[in-house]
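Spelled out, the chains give:
2 protein chains.
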Amino acid sequence: MAILCTSFSHSIFHFSLPLSSSGSSPSSRPSRIRFSWRSASMDSGDELRAKFLEFPYVSGAQRNLMLELVSSVETRLGPSLQPCTLPPDIQHFGNPTGTASASLHLRPGLPSSQIDFTLGGWIHCKLPSGGALNITSLSAYLKPSTDAPHFLIELIRSSPTSLVLILDLTPRKDLIFYQDYLKTYYEDTQLDRHRQRLHMLPEVRAYSSPSLYIRAVVSPTAILVCIDIESGEETKMEEIIRDHVSPIAIEVLQFWIESCAGLERHVGEPEIAYLAERDRIIKNKTIEVDLGSSFPRMFGQEVADRVLGALKEYYNK
Amino acid sequence: MAILCTSFSHSIFHFSLPLSSSGSSPSSRPSRIRFSWRSASMDSGDELRAKFLEFPYVSGAQRNLMLELVSSVETRLGPSLQPCTLPPDIQHFGNPTGTASASLHLRPGLPSSQIDFTLGGWIHCKLPSGGALNITSLSAYLKPSTDAPHFLIELIRSSPTSLVLILDLTPRKDLIFYQDYLKTYYEDTQLDRHRQRLHMLPEVRAYSSPSLYIRAVVSPTAILVCIDIESGEETKMEEIIRDHVSPIAIEVLQFWIESCAGLERHVGEPEIAYLAERDRIIKNKTIEVDLGSSFPRMFGQEVADRVLGALKEYYNK
Chain A
68 MAILCTSFSH SIFHFSLPLS SSGSSPSSRP SRIRFSWRSA SMDSGDELRA
118 KFLEFPYVSG AQRNLMLELV SSVETRLGPS LQPCTLPPDI QHFGNPTGTA
168 SASLHLRPGL PSSQIDFTLG GWIHCKLPSG GALNITSLSA YLKPSTDAPH
218 FLIELIRSSP TSLVLILDLT PRKDLIFYQD YLKTYYEDTQ LDRHRQRLHM
268 LPEVRAYSSP SLYIRAVVSP TAILVCIDIE SGEETKMEEI IRDHVSPIAI
318 EVLQFWIESC AGLERHVGEP EIAYLAERDR IIKNKTIEVD LGSSFPRMFG
368 QEVADRVLGA LKEYYNK
Chain B
68 MAILCTSFSH SIFHFSLPLS SSGSSPSSRP SRIRFSWRSA SMDSGDELRA
118 KFLEFPYVSG AQRNLMLELV SSVETRLGPS LQPCTLPPDI QHFGNPTGTA
168 SASLHLRPGL PSSQIDFTLG GWIHCKLPSG GALNITSLSA YLKPSTDAPH
218 FLIELIRSSP TSLVLILDLT PRKDLIFYQD YLKTYYEDTQ LDRHRQRLHM
268 LPEVRAYSSP SLYIRAVVSP TAILVCIDIE SGEETKMEEI IRDHVSPIAI
318 EVLQFWIESC AGLERHVGEP EIAYLAERDR IIKNKTIEVD LGSSFPRMFG
368 QEVADRVLGA LKEYYNK
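Top line first, the protein sequences correspond to chains A and B. Going by our numbering, the first sequence runs without a break in its numbering and finishes at 384. Going by our numbering, the second sequence runs without a break in its numbering and finishes at 384.
The set of hints was computed from the structure by calculation and includes no laboratory data. Note that the coordinates shown come from a computational prediction; the quantities given were computed from them, not determined experimentally. Heads up, a few of these hints could be off.
Which copy is meant is left open, so a pair is good if it fits within one copy or across any two.
[Said to hold, decoys possible] Taking lysine to aspartate or glutamate pairs in the DMTMM-like style, the calculated list, with each CA pair at most 20 Å apart, reads:
1) Lys-352 with Glu-254
2) Lys-384 with Asp-295
3) Lys-250 with Glu-344
4) Lys-250 with Glu-270
5) Lys-210 with Asp-346
6) Lys-210 with Glu-325
7) Lys-352 with Asp-247
Using the sequences provided together with the hints, build the complete structure.
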């Protein structure tokens, strides 16, 4: 299980979509969530987006958090994004035996935008133990015209009593060589306060990904935690996600939208080339770590190759 | 206390010296420790080295570990090192009130050697609470003619029941941009097994330095841990240092001596310039983090300025 979970750390599953009427729980707080929702009958693209927004199998608090994050991205960045460009069989897929399913939604930024793309998704996979692995994720990558960090959140549930949370503004540069970058985005912004706040909870402990690449790619203020609760206290997990994880995740995303995606930075030509190459490595290495190891086991080699191929084609075009 | 400790994380206090007859405890296992010991009457340099090797105020297990590490460096790298070049008042100093003292010992590598320098030391500082802060450290930097990682160990004791251990082979390159570097030194070597082994102890938990620079400069296999024991069980800490910390530290140092300091790597001119600049940043930033914040409080501004100035002069010449 740990192998499965950890190979998903820092993943490809990230969102940018409107709300589906199906799958929303009574506690979804729809009044706070605004989407560019079309009331007309859904075409295939809409159906795939709706499937995405179902966030099936996860708890109410986790679903609410994802919807809130997606809503923020939609509301603030939607006008800068194109519709999802992934083929339908990459947007939603499953394994032949029906024990695993997933949705992916990738929206490229408009040519005039600083946003490279947003990528969101969920994965559900039944486990031999009788339980299930559920992952929800949202990330957003910026273009090399800015050096501001990327955004990433991922919630990995391998049981109702255990949650791995990865929340980070991923650095675009070597933080040792570029000390001013460390200062600008991580020290002066006091980003670490969110991590410190979360670690005050007794249920929270540091999470160490078995992937050295994952450990190396995240920022020094990255939130990488396991949250474990006692069996039978599942409402406690809901409270922690609702009262602690969600406010932090929303605040970090707001900061990213306003201070990273929303601010123009003047990056020179040599630096653009450096950022483009470093980003290329990050994007390819991330799906290699994610898909290369776990997807074949979850979805079979054929599906894994198809999804990996489609994402690689997009990343390297 | 935490501020004091953490500002010393990744520090300047590191060794490379022969055994002093004073201060060695019965449990020092001298039979396993070989130094290039001079039996003639000690000159000023010898006295300063002897002071260094006293490792005063720390427990037997911690002193033994430091002596063992220093012995390994002396035995294997001694012929490649020059004598300590620091002025006497930088090699040993204290504060005006006598509540804090420290030794530093810096030995440059010979021009023909890959070793830039080794730096070791200890710090003792009485705390207002009645306890004391004791730090022992050893590090070794390589020249830009090789890109192999530097070595660092630091043990920080703020009380008999608490130990912070930092043990790392510090990367010389951006591990994202240089994926082969990550693979060569950290993945293929399975360095992470040492960290995993230590984390199996219930007394061990992850340590997060408040310095974002420190978190960013270490490798993804770095051991950054707090070891906490119950009050009254001080012998337990001795056992943990002797049976768990020491074997790991010795093994990591042996690996570094054989596979990093001892192997010639062919580094091209542009890469040498990159490594030299990155190392310059690391060395200067490290003493800035260490000395800039804590030394004035411990030793007074005058002593802090003198020590900082001498090290900066050496690093930037």
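To see whether the hints hold, each was checked on the structure:
In this homomeric assembly, Lys-352 and Glu-254 come within 20 Å of each other (Cα to Cα) only across copies, at 15 Å, whereas the closest approach inside a single copy is 27 Å. Taking the closest pair of Cα atoms, Lys-384 and Asp-295 never come within 20 Å of each other, the shortest separation being 41 Å inside a single copy and 52 Å across copies. In the homo-oligomer, the alpha carbons of Lys-250 and Glu-344 lie at most 20 Å apart only across protomers (19 Å), although the nearest pairing inside one protomer, at 23 Å, exceeds that limit. In this homomeric assembly, Lys-250 and Glu-270 never come within 20 Å of each other (Cα to Cα): the closest approach is 31 Å inside a single copy and 34 Å across copies.
For a Cα distance limit of 20 Å, the shortest separation of Lys-210 from Asp-346 inside one copy, 9 Å, qualifies, whereas the shortest one across copies, 29 Å, does not. Taking the closest pair of Cα atoms, Lys-210 and Glu-325 come within 20 Å of each other only inside a single copy of the chain (16 Å); across copies the shortest separation is 42 Å, beyond that limit. Proximity of Lys-352 to Asp-247 under the C-alpha cut-off of 20 Å is restricted to the inter-copy arrangement: shortest distance 12 Å between copies versus 26 Å within a copy.
Violated hints for the displayed structure, listed by number in ascending order: 2 and 4.
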